[in-house]
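Let's have the full structure, built from the sequences with the hints guiding it.
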Amino acid sequence: MSREKNRALRKFSIILLLLLLSIGAWAQGGPPPGGGMPPGMFGVDTSKPTSNDVTTYTAQNFLSLVHQTDIRSSFYDSDMTATITMVSVSPEKGTMTRKEIIYRRDKDDAFLMLTLEPESRKGQGMLRVDNNMWRYDPTSRKFTHTTLKAQYEDTTVRNNDFRRSQRALDYSVTSLTSGTLGKYNVWIAELKANNDEVPFPYIKMWIDKEHTVVLKVEEYSLSKKLLRTSYYTNYVQIGTSYVPTVQIFQDGLIPEKRTQVTYTNISTKPVPNDVFTKNYLERMSQ
Amino acid sequence: MKHNAKKVALFGLMLLLCLVPAFQSSAQTTSTTSALDTSTPLDENTLFGEQNQLVTVIDTATAAQGVQLVADTKTYPSFLLEGDASTGVTGSVSTNSALALFGAVDLSGMSLTFTPQKDVDFNVSLSGTFIPSVSLSNSSSSAEKAVKDLDVTGYADIRASEFTRLYSSVSYAYNLSQSESIYNSNQGFALNELFLDTSINRKLFFRLGKQKVSWGVGYWYTPADVLSLAAVDPDDPTAQREGPFAFKADMPFGKLDHATLYVVPPTTNSDGTFSGVSAAGRTDIVVGGFELNFAGFVRSDMEVKPRLMFMFTGAIGNVDVYGENVLAYGSDRNYVRETTSGSYETYTIDNVPVFQSTLGAKYSYANSNGLGINLQVQGYYNGMGYSDASVLFSDAAKKAAYIERYGDTLTPGSTVTSSMDLVDLASPGMFYLATSASISDRFGEGTNVVNTDLSCYALFNFSDGSKRIKPDFSLTIGSGGSKLDLDLSALTALGDYGSEYAPKGNRVTPALSATIMNAVTATFSAPISLNDDMSFKSSSYQFSLYWTILKMDK
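Protein chains in written order, with my numbering: chain A, 252 to 537; chain B, 1333 to 1886.
It cannot be assumed that every hint is accurate.
Said to hold, decoys possible - Sample of chain A residues lacking proximity to chain B, with all beta carbon distances greater than 10 Å (derived):
#: 1; residue: Ser-315
#: 2; residue: Ile-353
#: 3; residue: Tyr-354
#: 4; residue: Asp-357
#: 5; residue: Lys-434
Stated by the list, open to error - Computed list of lysine-lysine pairs in DSSO-like fashion (alpha-carbon distance at most 27 Å, straight line):
#: 6; chain 1: A; residue 1: Lys-344; chain 2: B; residue 2: Lys-1406
#: 7; chain 1: A; residue 1: Lys-344; chain 2: B; residue 2: Lys-1815
#: 8; chain 1: A; residue 1: Lys-350; chain 2: B; residue 2: Lys-1883
#: 9; chain 1: A; residue 1: Lys-520; chain 2: B; residue 2: Lys-1406
#: 10; chain 1: B; residue 1: Lys-1883; chain 2: A; residue 2: Lys-476
#: 11; chain 1: A; residue 1: Lys-373; chain 2: B; residue 2: Lys-1883
#: 12; chain 1: A; residue 1: Lys-373; chain 2: B; residue 2: Lys-1587
#: 13; chain 1: B; residue 1: Lys-1883; chain 2: A; residue 2: Lys-344
#: 14; chain 1: B; residue 1: Lys-1450; chain 2: A; residue 2: Lys-350
#: 15; chain 1: B; residue 1: Lys-1883; chain 2: A; residue 2: Lys-358
#: 16; chain 1: A; residue 1: Lys-520; chain 2: B; residue 2: Lys-1450
#: 17; chain 1: B; residue 1: Lys-1535; chain 2: A; residue 2: Lys-520
#: 18; chain 1: B; residue 1: Lys-1406; chain 2: A; residue 2: Lys-350
Unchecked claim - To be clear about the criterion: a stretch of chain B counts as covered by chain A if any three or more of its residues have a C-beta under 8 Å from a C-beta of chain A, and this derived list gives those stretches:
#: 19; region: 1372-1383
#: 20; region: 1436-1446
#: 21; region: 1777-1789
No lab work stands behind these hints, which were simulated from the structure alone.
The C-beta atom is built at its ideal place from N, Cα and C for all residues, glycine as well.
Laid out in structure tokens, this is it:
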């Protein structure tokens, strides 16, 4: 009886070991060569639809396109550095300019942003690695946790906008049409959030058919009130990745409130490991 | 000496105001593109029209060198002016004095930054209220001073490289209004920071000199913040606090982990002796969504007892949690007790483990309809405090503790406050609780948008029975030039005279502020002193009316 028990235990241990090895191998696999995330990582079909006929197009097809835009906005083969200039116009504060430098290492889901201008905010910064996110205040020399839902520095931009895009995971398609936006032929889809982690429960997307990049996004509240419209008017393509170099955010409630984000000084040069640390934020601040 | 300081301040103000027109163009460097012309709606046919080139392809080799899409047009040297300037009237009246009314100029965060070259910045910032109608020569005896709430700060930030720099920050404070403060700020000149940064091979980083050190993860109470030289101000927990002269070495390791070592060299005491050398080490480790901090502290002369510390921050579900635990070998405090003769004697607690612990939680909720909720609570057990801190209500008891540490250096008739000694007089209680809550909402849109915010924070010291509560309600109606902002608050301190959170006994300070058209602001506050039975004792009224004329990006 005892021998049978030991045999069963041994079998169970081997199965468990094999299972752990499989999971470990999968987890350590990393992204495939050539950029992009492993197929199926988002849990959706990654194949691009072959037809342009919207009547044959399914919600799943469109989600695949959204997934492609998610992948294309990421850099998995290299780091990415850029300078962001944010010009915000609001009736209360007039025109304000913020300049930030950002460092991204998408394969580690690491992101660091440091304020360069204005002078009164110079040195403020944030670091996010996975779900750990810190903001640094040079006045008190103290780090604090913040949420991805919070608005960035009282603008129409949210911290979530700096996160690796994963709309294909966060949303499901509820309707789909075809149309034009300016001179571009686009897919237009309405999406509904799958979870309450995203800042907008309903969104509407316009995706360019030729390049499979997002041109416009309308973001709605729970009561379907338009809160923000985002335009992505220019992209830079580096390898298989796309950077939206000009983004315009129009507040839905106050028409005079608008923010334009421009990416300049883009680089895919490797970023030293010490940049993605709290020490770097502290050192580069005032 | 005092008059000279005031003259210098007034001269500085006049100089700054003269410079405003000259530098205003520098402050308005923003170029507004057509997309940012909010007088007209965005035209999608223009944004995505024939002129639009949606995708620019850059080969990977070029991208690896850095692609400058837009030329950096910043030139050196540059001057940048920021801040607000207002003019109007300010006045006060009390149950014991007649109405006083003065014309005034108020500067808020007026800052001038000079950048002679890249990575070299010099800045001077000035806030304060100037009352030119009060004679400088008589101002010291007047109820109103020619300069009120003057706060001047300056810094120099000179970087030789990404890793090597010299940083210095100084400040000058004069005639600060601190009637409602628990911890009075130091007045006069102060060297806030003066340090050098350097590194070895991007592996080991050094900061050498006087520097702020913010250990601890608590919001209101930070028992693990053993290196700071100033206590947390409960009314402004995020305010900067003075740090020591120290040598710091920081070594990041792993993905997000850090090992840090501080050494505080000995300094000369007021009696000519040397203080002990201190060393503090800390390791930060990130595990999942939690950051764990393990730390230790020793000081050779045992003036501050050796201790081990453990801190953590993280989230459980949607609730952020944080905590600090300190185990010290003895207490740092000089305790006071009343003798049979009615005088006070001091004693210490040595060679026994003393425990301090604080635990806090934060919760935030915001939905896309504009509803926002923030809750925070923090409890604190301070093993170095008095279980019954009422012994320190007496000024004589406070003096006894102060004299034990610093000798009899007090001038006759002077009083001792909690802010005069961080170890013996600050945080005297053993059991604390602090909490804050706020709810905000938004209604309507465009020029009819209404934003409301109701918040309150409350601090309780259960060891001396004192409390500090501040409810606050703000309302914003409309947007742009027709906007109206209202704010109503009532800072309330309840407790015995000399207690921690009600050092001046029972007091209520209702305050109202109203701003119209983003430019004209009226304020009114009325600190009301109450007797022990909560009956009216005395009050004063302060009011002001300002028109903000200069408003530059902050």
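The hints, checked one at a time:
no. : hint                     : verdict
1   : Ser-315                  : 20 Å, holds
2   : Ile-353                  : 14 Å, holds
3   : Tyr-354                  : 13 Å, holds
4   : Asp-357                  : 15 Å, holds
5   : Lys-434                  : 6 Å, violated
6   : A/Lys-344 <-> B/Lys-1406 : 23 Å, holds
7   : A/Lys-344 <-> B/Lys-1815 : 12 Å, holds
8   : A/Lys-350 <-> B/Lys-1883 : 20 Å, holds
9   : A/Lys-520 <-> B/Lys-1406 : 24 Å, holds
10  : B/Lys-1883 <-> A/Lys-476 : 33 Å, violated
11  : A/Lys-373 <-> B/Lys-1883 : 19 Å, holds
12  : A/Lys-373 <-> B/Lys-1587 : 26 Å, holds
13  : B/Lys-1883 <-> A/Lys-344 : 9 Å, holds
14  : B/Lys-1450 <-> A/Lys-350 : 15 Å, holds
15  : B/Lys-1883 <-> A/Lys-358 : 44 Å, violated
16  : A/Lys-520 <-> B/Lys-1450 : 22 Å, holds
17  : B/Lys-1535 <-> A/Lys-520 : 20 Å, holds
18  : B/Lys-1406 <-> A/Lys-350 : 12 Å, holds
19  : 1372-1383                : holds (count 9)
20  : 1436-1446                : holds (count 3)
21  : 1777-1789                : holds (count 3)
The structure shown violates the earlier hints numbered 5, 10 and 15.
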